[in-house]
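Asker: Sequence:
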Amino acid sequence: MHFNLISKRIQEHGTYLRRLSYGAAVYDFEGLSVVAATCMTDNTEEDEIRSLILQPDGHIYHSWNHRGSVLL
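Under this note's numbering, the first residue of the sequence shown is numbered 1, with each subsequent residue one higher.
Worth double-checking, as some hints may not be accurate.
[Claimed, not checked] Now the in silico label distances, taken between C-beta atoms and shown as ranges: (1) E30 x P56: 17 to 25 Å; (2) H2 x L72: 24 to 32 Å; (3) G68 x E12: 35 to 43 Å; (4) L52 x Q11: 15 to 23 Å; (5) L72 x N4: 26 to 34 Å; (6) H59 x Y22: 20 to 28 Å; (7) D47 x H2: 13 to 21 Å; (8) P56 x G31: 13 to 21 Å; (9) V70 x Q11: 24 to 32 Å; (10) L5 x G68: 28 to 36 Å; (11) D47 x E12: 30 to 38 Å; (12) L71 x A37: 16 to 24 Å.
Simulated from the structure, these hints should not be mistaken for laboratory data. Since this is a predicted model, take the numbers as computed values, not measurements. Backbone N, C-alpha and C define an ideal beta-carbon position, used for all residues, glycine too.
With the sequences and hints as input, model every part of the structure.
Answerer: If you want it as structure tokens, here you go:
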């Protein structure tokens, strides 16, 4: 599914929760906290986790690029 269609569905059917420091909006979508953003690069700020990524292995990571960034 195209990014714009996914983002539109989240906005229409989700509940807005807050805006993150880098501008992306967080929504409650069917009980999950969801952010749809076009830039998901690693953050250089050590005190701020920019993304929580649920990978297919069932673990949550804070980096797309490093398996050692597993949080849970």
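Asker: The structure should be examined with respect to each hint, and the outcome stated for every one.
Answerer: Results for each hint:
no.	hint	result
1	E30 x P56: 17 to 25 Å	19 Å, holds
2	H2 x L72: 24 to 32 Å	30 Å, holds
3	G68 x E12: 35 to 43 Å	37 Å, holds
4	L52 x Q11: 15 to 23 Å	20 Å, holds
5	L72 x N4: 26 to 34 Å	30 Å, holds
6	H59 x Y22: 20 to 28 Å	24 Å, holds
7	D47 x H2: 13 to 21 Å	34 Å, violated
8	P56 x G31: 13 to 21 Å	20 Å, holds
9	V70 x Q11: 24 to 32 Å	30 Å, holds
10	L5 x G68: 28 to 36 Å	33 Å, holds
11	D47 x E12: 30 to 38 Å	34 Å, holds
12	L71 x A37: 16 to 24 Å	19 Å, holds
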